[in-house]
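The sequence shown runs -21 to -1, 1 to 365 under mature numbering (1 follows the signal peptide of the UniProt record, and there is no 0).
Hints listed in this document are in silico derivations from the structure and should not be mistaken for laboratory results. Be careful, since some hints might not be right.
[As the list claims (entries may be wrong)] Below 20 Å or equal to it, Euclidean Cα-Cα: the simulated EDC-like pairs (lysine to aspartate or glutamate) are:
#1 Lys106 with Asp183
#2 Lys298 with Asp242
#3 Lys119 with Glu85
#4 Lys118 with Glu79
#5 Lys244 with Glu186
#6 Lys220 with Glu186
#7 Lys9 with Glu24
#8 Lys349 with Glu186
#9 Lys18 with Asp94
#10 Lys119 with Glu168
In this text, all values refer to a predicted model and were calculated from it rather than measured experimentally.
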Amino acid sequence: MKKAAWCLVMILLLGTLKINAQNDFTLHGKLSGLKNGMKVLLLYEIGNKRVLDSVATKNGEFNFKGSLTVSQPVKASLQLKSLYQDTHVSYLERLLKRDEQDLFLEKGAINLQGDSLINTAIIHGGKTQEEFLELQRLKKAETDQMRTLQQEMIPVLIETQGLGIDTNQIVQSISLKMQPLVAAIRDKEEHFIRAYPDSYVSLDLMEQRSNLMRPGVFEPLLNRLSPRMKNSRLGKELTNKLLLVKRTAPGVKMINFTLPGIDGKIVSLDKYKGKYILIDFWASWCMPCLQENPNLQRVHQQFKNKNFELISVSLDTDKKNWLTAVEAYRMVWLQLSDLRGWNNKAAQEYAINEIPQNFLINPQGIIIAKNLFSQDLIKKLEELLP
């Protein structure tokens, strides 16, 4: 009896070892311009567990090895540890020095090769990584142009920090240049999803899109995914998120909320029923939000006396950061926040997973548009409030 039990334990143990071995991966990198002793970080999540591994470079090379505890590919981030991780410098400086690239970990060998930068290196690996590489090739022209524009804007913002100089025109000019690039990237990603319905890369793209979801566009794309992708854990989560977002889709009645203003007094959304309302979700640490701010200033100035109310809801957790940004970026309209970050009461009600986002509400309290930015927002308001 004991012998039989021992044999059963060994069989189960060997089976577990075999499963783990099937998900082993290696990652070898070679960057010709890297100095010895530089730190390379590999970050990824499995379930609720966050994994952070690091190695030092030698002769321009580095190696990672690991074992995934899940059967599907796992998206990861490879980063060169530098000023980007230095919390003693500003967020903008860290953003300027950032050197990282996403990849998909899966069973087998993964190889990276390039010059001195991770973000321009080519990474080959398993089936999913090769599909991801195809997506990168597809939108390379636009992403390169976006990176160039960001590199132009960030130094200007760094140089003018704390000087009281209005940088809104610079930010708005670059944001306008980015708009067609963002639209082109979105179109190419949609093309990829339709061409690769059984790819984990397509599933990942759908997760990204779920944060700024337009149900009329999102649902048909979700339905294009293969049964295997739709029935995955993430696929089911996306289906549930779609149902939640439909609660705040255009045509649905607004959901009331109450939040404190800068002075601490509680403000109810219902108070402004009878006006056109734009609810803007943002945060002081959100660069795209700050890029959109010049447009919000124009909206406030142009429509403030036309039965219109602009309400910004911050997802900050630090009151000082919130108030500093409000003052620095001249956000003179109604500002609300409970300083609970993503757990903000209004953000929860409106299914906010990414910012900036906004909702346009008519005087009857019906949501009539969602996530209108820049000229699209101005054009819509000019139609409603001539």
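To see whether the hints hold, each was checked on the structure:
Distance restraint check for Lys106 and Asp183: the Cα-Cα separation of roughly 15 Å lies within the 20 Å cut-off, and the hinted pair is therefore satisfied. Annotation: proposed proximity of Lys298 to Asp242 holds, straight-line Cα distance about 11 Å (limit 20 Å). A threshold of 20 Å between alpha carbons decides the hint, and for Lys119 with Glu85 the separation of about 24 Å lies outside it, so the pair is violated. Only pairs whose Cα atoms come within 20 Å are accepted, and Lys118 paired with Glu79 is accepted, the gap being roughly 17 Å.
This hinted pair does not check out: Lys244 and Glu186 have alpha carbons roughly 37 Å apart, beyond 20 Å. Pair hint Lys220 plus Glu186 holds up; C-alpha atoms about 10 Å apart against a cutoff of 20 Å. A distance of roughly 24 Å separates the Cα atoms of Lys9 and Glu24; the hinted pair therefore is violated under the 20 Å criterion. A distance of roughly 19 Å separates the Cα atoms of Lys349 and Glu186; the hinted pair therefore holds under the 20 Å criterion.
About 16 Å separates the Cα atoms of Lys18 and Asp94, which keeps this hinted pair within 20 Å; it holds. Distance restraint check for Lys119 and Glu168: the Cα-Cα separation of roughly 12 Å lies within the 20 Å cut-off, and the hinted pair is therefore satisfied.
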